[in-house]
Structures are given as structure tokens and as C-alpha cells.
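*Asks:* Just so you know, the protein sequences line up as chains H and Y, in that order. Residue 14 in the UniProt record's numbering sits at position 14 of the first sequence; the count goes up by one each step and never skips. Residue 406 in the UniProt record's numbering sits at position 406 of the second sequence; the count goes up by one each step and never skips.
What the hints contain is simulated information worked out from the structure, not anything from laboratory work. Take these hints with a grain of salt, some might be off.
Claimed, not checked - Computed beta-carbon distance windows for the label pairs:
#: 1; chain 1: H; residue 1: D161; chain 2: Y; residue 2: I338; range: 24 to 34 Å
#: 2; chain 1: Y; residue 1: S295; chain 2: H; residue 2: L54; range: 26 to 36 Å
#: 3; chain 1: H; residue 1: F245; chain 2: Y; residue 2: L152; range: 53 to 63 Å
#: 4; chain 1: Y; residue 1: V419; chain 2: H; residue 2: V136; range: 46 to 56 Å
#: 5; chain 1: Y; residue 1: R231; chain 2: H; residue 2: E342; range: 27 to 37 Å
#: 6; chain 1: H; residue 1: A29; chain 2: Y; residue 2: D411; range: 25 to 35 Å
#: 7; chain 1: H; residue 1: T80; chain 2: Y; residue 2: D411; range: 53 to 63 Å
#: 8; chain 1: Y; residue 1: I371; chain 2: H; residue 2: T145; range: 34 to 44 Å
#: 9; chain 1: Y; residue 1: V419; chain 2: H; residue 2: R229; range: 45 to 55 Å
#: 10; chain 1: H; residue 1: A372; chain 2: Y; residue 2: G271; range: 21 to 31 Å
#: 11; chain 1: H; residue 1: A372; chain 2: Y; residue 2: R137; range: 38 to 48 Å
Said to hold, decoys possible - Below, computed lysine to aspartate or glutamate pairings styled on DMTMM-like, alpha-carbon distance capped at 25 Å:
#: 12; chain 1: Y; residue 1: K353; chain 2: H; residue 2: D354
#: 13; chain 1: H; residue 1: K353; chain 2: Y; residue 2: D293
#: 14; chain 1: H; residue 1: K341; chain 2: Y; residue 2: D354
#: 15; chain 1: H; residue 1: K341; chain 2: Y; residue 2: E342
#: 16; chain 1: Y; residue 1: K273; chain 2: Y; residue 2: D293
#: 17; chain 1: Y; residue 1: K341; chain 2: H; residue 2: D411
#: 18; chain 1: H; residue 1: K353; chain 2: Y; residue 2: D354
#: 19; chain 1: Y; residue 1: K138; chain 2: Y; residue 2: E225
For each residue, glycine too, the CB sits at the ideal point set by N, CA and C.
There are 2 protein chains.
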Amino acid sequence: MPDEVNVLYIKAKSWLNASPPRTLTIGFALIIAAGVLLLKLPISVREGHDLSWLDAVFTAASATCVTGLVVVDTGTFFSTFGHWVILALIQVGGLGFMTMSTMFAFFMRRRLSLKERLILQEALNQDSLQGIVKLVRKVIFYALTIEAAGSLLYTLRFLFDMNAGKAIYYGIFHGVSIFNNAGFDLFGDYRSLSDYLSDPFVNLLSIVLIFLGSVGFIVLADLVEYPKRRRLMLHSKVVLTVTAFLFIAGAVLILICEYTNENTLDPLNFGDKFLASMLHSISPRSGGVSTVDVSSMRQATQFLIVGLMFVGASPGSTGGGIKTTTFAVMIVAMLAVIRGKEDIVLFRSRLEKDKVYKAITVTIYSLALLIAATMILSVTENHTFMTVLFEATSAFATAGLSMGLTPELTDAGKAIVIVLMFIGRLGPLTLFYAAGSKPGRTLYRHPEGKILIG
Amino acid sequence: MPDEVNVLYIKAKSWLNASPPRTLTIGFALIIAAGVLLLKLPISVREGHDLSWLDAVFTAASATCVTGLVVVDTGTFFSTFGHWVILALIQVGGLGFMTMSTMFAFFMRRRLSLKERLILQEALNQDSLQGIVKLVRKVIFYALTIEAAGSLLYTLRFLFDMNAGKAIYYGIFHGVSIFNNAGFDLFGDYRSLSDYLSDPFVNLLSIVLIFLGSVGFIVLADLVEYPKRRRLMLHSKVVLTVTAFLFIAGAVLILICEYTNENTLDPLNFGDKFLASMLHSISPRSGGVSTVDVSSMRQATQFLIVGLMFVGASPGSTGGGIKTTTFAVMIVAMLAVIRGKEDIVLFRSRLEKDKVYKAITVTIYSLALLIAATMILSVTENHTFMTVLFEATSAFATAGLSMGLTPELTDAGKAIVIVLMFIGRLGPLTLFYAAGSKPGRTLYRHPEGKILIG
Ligand SMILES: [K+]
Ligand SMILES: [K+]
Numbered sequence: 001m002p003d004e005v006n007v008l009y010i011k012a013k014s015w016l017n018a019s020p021p022r023t024l025t026i027g028f029a030l031i032i033a034a035g036v037l038l039l040k041l042p043i044s045v046r047e048g049h050d051l052s053w054l055d056a057v058f059t060a061a062s063a064t065c066v067t068g069l070v071v072v073d074t075g076t077f078f079s080t081f082g083h084w085v086i087l088a089l090i091q092v093g094g095l096g097f098m099t100m101s102t103m104f105a106f107f108m109r110r111r112l113s114l115k116e117r118l119i120l121q122e123a124l125n126q127d128s129l130q131g132i133v134k135l136v137r138k139v140i141f142y143a144l145t146i147e148a149a150g151s152l153l154y155t156l157r158f159l160f161d162m163n164a165g166k167a168i169y170y171g172i173f174h175g176v177s178i179f180n181n182a183g184f185d186l187f188g189d190y191r192s193l194s195d196y197l198s199d200p201f202v203n204l205l206s207i208v209l210i211f212l213g214s215v216g217f218i219v220l221a222d223l224v225e226y227p228k229r230r231r232l233m234l235h236s237k238v239v240l241t242v243t244a245f246l247f248i249a250g251a252v253l254i255l256i257c258e259y260t261n262e263n264t265l266d267p268l269n270f271g272d273k274f275l276a277s278m279l280h281s282i283s284p285r286s287g288g289v290s291t292v293d294v295s296s297m298r299q300a301t302q303f304l305i306v307g308l309m310f311v312g313a314s315p316g317s318t319g320g321g322i323k324t325t326t327f328a329v330m331i332v333a334m335l336a337v338i339r340g341k342e343d344i345v346l347f348r349s350r351l352e353k354d355k356v357y358k359a360i361t362v363t364i365y366s367l368a369l370l371i372a373a374t375m376i377l378s379v380t381e382n383h384t385f386m387t388v389l390f391e392a393t394s395a396f397a398t399a400g401l402s403m404g405l406t407p408e409l410t411d412a413g414k415a416i417v418i419v420l421m422f423i424g425r426l427g428p429l430t431l432f433y434a435a436g437s438k439p440g441r442t443l444y445r446h447p448e449g450k451i452l453i454g
Numbered sequence: 001m002p003d004e005v006n007v008l009y010i011k012a013k014s015w016l017n018a019s020p021p022r023t024l025t026i027g028f029a030l031i032i033a034a035g036v037l038l039l040k041l042p043i044s045v046r047e048g049h050d051l052s053w054l055d056a057v058f059t060a061a062s063a064t065c066v067t068g069l070v071v072v073d074t075g076t077f078f079s080t081f082g083h084w085v086i087l088a089l090i091q092v093g094g095l096g097f098m099t100m101s102t103m104f105a106f107f108m109r110r111r112l113s114l115k116e117r118l119i120l121q122e123a124l125n126q127d128s129l130q131g132i133v134k135l136v137r138k139v140i141f142y143a144l145t146i147e148a149a150g151s152l153l154y155t156l157r158f159l160f161d162m163n164a165g166k167a168i169y170y171g172i173f174h175g176v177s178i179f180n181n182a183g184f185d186l187f188g189d190y191r192s193l194s195d196y197l198s199d200p201f202v203n204l205l206s207i208v209l210i211f212l213g214s215v216g217f218i219v220l221a222d223l224v225e226y227p228k229r230r231r232l233m234l235h236s237k238v239v240l241t242v243t244a245f246l247f248i249a250g251a252v253l254i255l256i257c258e259y260t261n262e263n264t265l266d267p268l269n270f271g272d273k274f275l276a277s278m279l280h281s282i283s284p285r286s287g288g289v290s291t292v293d294v295s296s297m298r299q300a301t302q303f304l305i306v307g308l309m310f311v312g313a314s315p316g317s318t319g320g321g322i323k324t325t326t327f328a329v330m331i332v333a334m335l336a337v338i339r340g341k342e343d344i345v346l347f348r349s350r351l352e353k354d355k356v357y358k359a360i361t362v363t364i365y366s367l368a369l370l371i372a373a374t375m376i377l378s379v380t381e382n383h384t385f386m387t388v389l390f391e392a393t394s395a396f397a398t399a400g401l402s403m404g405l406t407p408e409l410t411d412a413g414k415a416i417v418i419v420l421m422f423i424g425r426l427g428p429l430t431l432f433y434a435a436g437s438k439p440g441r442t443l444y445r446h447p448e449g450k451i452l453i454g
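Just chain H, same shape as in the assembly (with noise of 0.2 Å):
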């Protein structure tokens, strides 16, 4: 084993054991920084326009953070070298946050037990000390492989509205974009994807798109290894159930919901219906962008989707929201007190009442911020209950929805949504740290099952 691979991970491990919260803090705020500078350049604007500091760092925060908000048009606002500007920082925070999401998750944790550590060897099949080079190296390899194909198959649609040039520079972007699960786009319009609503293949494609951005690299890395493992590590199963129940879930009460509103889906025929559902069902969680104007859905419908935005996407993705692992983790924990059960087991897993503990601490610190959040929207905005909720939510998870509230906010209300974007973005992880697992008892029953929360 080379001796600089040691030392390098020694020192990244002592620099980032010093103080995690600071430095990922510090890290995003010199990251937003430095998009406030380059966004505020005139070229980095369209003739005519005029960004002003409060939206310039809105605008920055809502791409290093991949949350999608916009209070400008990105597409009409925005010239070329802006909206490069803006692919950078959802490129820098979006797999910046994915690789240290899940470096903490694996390596970094305070309390690290053996047992854990020799699990996460056996499952990145990579020896501990090298395993962070590796894994970073792994981790980026991955995430461009995917935004390569991402872009391509998008050009290849794009090719056929738009010349070879936009079509790759759109392809691009929208790749990049999409994976991230930032929900920027440059149609322009605040219209998102609408251009798109009946087209099979930028559905699908964006929906996979998601799906592989926001379900984690834990879980990545678990289906590549699986032809050869023939199994899954519990992790992995429960982001998979979870993420497959929310979406066949999701979209099917969107159906049912939208089915006859003549603003959203009663216009279209089934198959079209059926996929504007299964987006909207995936979007929230949290990809950000949508083909109907959800200002137009029924509240039910609305309220689901701040449901589904809350709930979030996987550890180890560039996803926000207390994330499906916690979801699962206080649902089978209902479930087994309900039936009376003393252990709460997952996949035949036993789940030590440390996991638990944190799924109720990442539940109830986010449902906290984001009442509190809501509450001083409610008083800074003059906007129905459940456009504001609407929007504290879709902040706070980073999913990049809206009702329409964003363009609209006044300067109190954007300065509370950029501090509740930076928060959600880094309030799940910092908190994490504080609170490592520890080596469970040996008092086995069911072997204990491993899972990462958050």
C-alpha cells in the first residue's frame, strides 16, 4: 500500500474529524461566494437585465445547494456564460455533497465500530485505508458516467427541435441538472419541463435520471456489485422499497387526484396522464422540475407532493429530506410497537434503538425548521397556507418545486428561504456527525441490521 495514500488519508480524515459542521459550512458558503461573484459579472447576464445581490446569492445558493428555486428565469435571465456559471455550482455542490455524504457515512463517523467498518469493506470491496482515495475516485467516476449518458440521450432528443450546438449545450446542462436533482432548466417560461409533458423519452429519461441521483451511492455501488454478490445489503433494500413504494404510491394518487382537474391532466389522454403522474411522483424526491403547473393541482395533490418532498431522497445522494432510510426506520418502529413487538426488524435485520433514535432526531429537527420556517413565511409572505408551506418545504428538502411563490417572494421572505435552503442542505449531515453509531450489544435475537439514516 503506497505510504501518500496513508498520510493522505490521515490528514483528510484528522481535517475533517476537527470540526465537520465548520467545514462543510465554510465550504458551501465559499462555494455560494464565489457563484455570487460570477453571477454578478454583466456577462454573466442577458442584455437588459440587471441581477441584484439578494437574487444573485439566491440564485447561487439555490444551485450549490441543487434545491432548484428560482427567483429569476434561469433560461431567459441568464446568458450562456451565466448559465455555465450556474451548471458549475450545481456540478461542485451536487457531487461535492454526494462524495461527503458519503465519505461520512462510511468513513467518517465518531464511534466507528469495527464490526461496521469490516461490513462497509465487505460492501465497497476495498481495503480501509486506500478506501477513501477509492471511494471518491469510485463515487465521481459513477456520477459522470451517468451525467455523460444523461447528456447524450438528451441531445439526441434535442436534436430534433433545436440545432447541433443548442442541443448539446442543452443536453448538457439538462444531463447535469437533472441527475444533481437540481431542477434547473433553461426553457425558459419558469416552465420547466412542459414542453415535454407527452414525450415518452424525456419522462422516462429524466424519471431514471432522478431515480439514479437521488437513491444514493451506497446503493449504486450495492446494484453494480450484485451480479457478482448475488444479494443486497440491507441499506440498499430499504432505499429500494421505499423508493419504489413512494413512487408507485405517488403517482398513482396523482392520477386518481388529477385525473379529472382540466389544469393538469384532464386534457391529456392515459398514457400521457400516466406519465405526468409517474414524474410528479419522482420529481418531489427531489429532482425539481415538472411538466404541469403544480399551482394548479388540487390541494391534495399539493399536500402529498410536500409529503413526498419531505420524505426525500436516499443517504449519499445529492438529495435532501430526512431521506428514505429514516421514513422506513420510524414506520417499521410504528409498526412493531403497534403489533407489540419487542425488536423492530427490517429484512429479518434487528435495528438498534441508535438508528432509531436518530430517525426520530432527523424527523422531528426537520419537521421543527420547517413549522418554524413556515410560520415566518405565513408572516413575511402574503400567500395562501399551502403556497408557503409548499415552498418552506421544497427548500428546506432542496426538491426545487414551486407554486409560484419563488419569482414573488419579498426580500425577507428570500433571505429566510436562502438560510433554509443552506440549512437543509447541510443540516441532516452536520447533525449526523454529532451523532455517530455506536457498537451494539451482543444480545442478538435477529442479527443487527446496519443501515444508514439521513
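Given chain H's structure and the hints, the job is docking chain Y with the ligands onto it.
*Replies:* Same frame as chain H, but now just chain Y with the ligands:
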């Protein structure tokens, strides 16, 4: 010890143990059915009024579940006979539930450990076999004493506004209704206590009665014993701390949010503003009376009240919601995890994981039910999301406040609210039966804390 008490105890225990959820459900359903039949009698309503079957079920369910949501105006719609029927339903439902929930909490749990029994005996200072009879007597004695005092004080106040007969009648009705946190009133036009907006006597008396009714028998008994024992049970400390915190924080936030609202507090002098803020801080948990129109409040205040209703009252009381202790356990668990502590400690007592799991169960179960009900009501009712969320929370938490939706509910909406009141009333209790506490392991750091959830 007399033999018949022994036999009674064993019989009662085996009857309740057989299937308490079924017993409770059937018991409440029978009381409601009796109420419906009585309310449908022509002598129950004033001349010229006709009560539909659905409205009779709604009213009987609301009274029996001590919720206080009303589809027809209690004061002007029903005759004096109808008022006594409603009051009887409140007394039987409220006191019955208080007795049952106290009994369940103390004696009826599956796997109740010897240590827990000893703690309970110490706390209640009574023998465990005779306990159940004494306990029921004690609960009823406390309730009737407080109701008598409350009724007398209301009567004395109402003598200034009406003739003696009506003052006594109104005094008894409101003394019983408000202690039972039932939220029913006789003042007409759905205006609750708004005639007494600026009356310190009625406001403070109502606040005290709501507090005594919602704090739970266990805490009342503990407080009565306090001068002798000079210490409080953990349960009482938690309940009183959370109650005080929510009362003060709620009042301050309401005062701030509504201070300049010309439809609520703005026209009042500071003393009256303060009085109204206090009443509307405690009333959601879960008294259900009001002196200003909650539908005129700002959205932030309404959302705060939704939160207060959701938390609700304390175990072993007439009130609903997830309960103060559940709220406390969730918050303390979150803080412990964020601080990286291994144990969850409340007042120097460690909480075993089954308590924490129960708290999750109640919270997630309640949230899930509330979200589902809100979604369905969003479809059936053509009202703003806040109005619907407020109504659903109020019904589920048996709070009884309304933004005015109740009398305008569609038939489907009424049916949903009836089910929600019923499930909300029985839910946590029947859940808890299945979720009886288990003896803790003997691995002490702090002494184990005993606290009732839900
Ligand atoms: K997003
Ligand atoms: K009530």
C-alpha cells in the same frame, strides 16, 4: 380486605383484558348511539328546528368524544332538554375516558412489571388489589369536586348578566363542559366565550378549568399529595414543565403575531390582549373555547394553534392530541442524539427505549392519520388548505376549535370528521394497550425513568 372487592377487581381486569380496544370502541359507540336517539327526540330541539340523523350523530359524537366541533349552534338550536343530553354525553364521555385511560395507564397494561406496580402503589398510596376501585372513586371524586367548584364560580359570575335560574343552568353547563375540555357552549351564534373577551374572571376561571381537566388525573393526585410527600413523580414534572412551556410560549407567540391584527387583538387594551393570548394558548390543548374568531387570525397564529392542538393534553385526562409526555420524549430524544449522548435523560431519569418507541408510534400514527384525513377533506371540501388542516387537527385532537368549516361541511366531510373524532378519541389509548411497557434491563447509569406516553 373484603372479598367482593377482590372478585370485582379480577372480573374487571379479565373483562378489560379480554379485548380493551373492542370494549372501548363498543362502549363509546353505544353512548353515542344513545345520544343520537335522545337528540333525535322532538323535545331535544327548539321549535322550528329539525336535526338530521347525520347531524345528530355528529353532535353526539362530538359531545361524547368531548371534541366540541358543532354543525348546529348548540345554544340556539337545542332545547334545554337537548342541552342536558349533550351535557350528559360530555360527562359520561369525558369522565369515562379519564377514568378508563387512568385505569389502563396504571393497571391494565400487558406485561406490567412488579417494579412498575410498586411505583404506582407508592405514587397513589394504595393497595394494588383494592386499587382499581379506589382509583375510580378518586378520579370521579376529583372531577366532580372541580366541576362543582367551577360551576359555582361561573354561576356567581353569570348572576350579573342573567336571572338566577339561567345563571345556575349556564354555570353548571359551562363548568362541566369546560373542565371536561368539551368546548361546547350555550352562548349562541357559534360565538363561544367571545362575550367575555375582556372579562378576567371568566378567562382565568376557564384557563384554570381547562388546565385541571387536561393535565390528567395522575398529576392532580400527585399535586394533592405534594404537601405530604414533598416530591413529584417524574411523570408530573414532565407534564407540568411541558404544559407551562407550551402555555407561555404559545401566549407570547399569539400576542406577537396578533398584536396588530385589527380583526383580533388590535382593538383591545394590553391587559385584554394578554388575557386573550393566554386563553387561546391553552384552549387548543384541548379546551376548545375561544373569545376571538380564529378564522380572523393570521396564518402564522393558526398554524401555531394547529401545532398546539396536535400536542394536546396530558395522559389520563379528558383531552386529546399526542400528549405532552410524547412531545417531551421526542424533543429530549432529539437533543440527546444531537449532543451525542448515549442515554436519553429527563429530570435525571433515563428513559428506556420502549418509551421512546411508543412516543414515535403515537406521533407517526397521529401524523399519518392527520395527513390522510386532511388529504381526503381537501378533496371533499372546497375550502383553503389551512381551514381543512385546522378542522382535521381539531377533530383528531378532540380540540374543538374551528375556522368556521364545521357547519359548512359536506355530508362526506361530516362523516370523515365523525370518524376522525372517534379514532382520535380512542386511538392512542387502544394503541397503547398493545404497546404495554416491558420491564427494563438492569444496566443502570441513571435510574430508569417511568413516564406515561399518550
Ligand atoms: K432539487
Ligand atoms: K375539546
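*Asks:* Against each hint, give a clear statement of whether it holds in the structure.
*Replies:* Results of checking the hints against the structure:
1. H:D161 to Y:I338: 24 to 34 Å: 50 Å Cβ-Cβ, so the 24 to 34 Å window is violated.
2. Y:S295 to H:L54: 26 to 36 Å: Holds: the Cβ-Cβ distance is about 34 Å, inside 26 to 36 Å.
3. H:F245 to Y:L152: 53 to 63 Å: Given a distance of about 57 Å, which is inside 53 to 63 Å, the answer is holds.
4. Y:V419 to H:V136: 46 to 56 Å: holds (53 Å)
5. Y:R231 to H:E342: 27 to 37 Å: About 32 Å separates the Cβ atoms of R231 (chain Y) and E342 (chain H), which means 27 to 37 Å holds.
6. H:A29 to Y:D411: 25 to 35 Å: violated (55 Å)
7. H:T80 to Y:D411: 53 to 63 Å: holds (58 Å)
8. Y:I371 to H:T145: 34 to 44 Å: holds (38 Å)
9. Y:V419 to H:R229: 45 to 55 Å: holds (48 Å)
10. H:A372 to Y:G271: 21 to 31 Å: holds (29 Å)
11. H:A372 to Y:R137: 38 to 48 Å: Holds, at about 45 Å.
12. Y:K353 to H:D354: Roughly 9 Å between the alpha carbons, so the hint for K353 (chain Y) and D354 (chain H) holds.
13. H:K353 to Y:D293: Status violated; Cα separation ~45 Å.
14. H:K341 to Y:D354: Given that 25 Å is the threshold and the Cα spacing comes to 10 Å, the pair holds.
15. H:K341 to Y:E342: holds (23 Å)
16. Y:K273 to Y:D293: holds (14 Å)
17. Y:K341 to H:D411: violated (39 Å)
18. H:K353 to Y:D354: holds (9 Å)
19. Y:K138 to Y:E225: Since the Cα atoms of K138 (chain Y) and E225 (chain Y) sit roughly 13 Å apart, the hinted pair holds (cutoff 25 Å).
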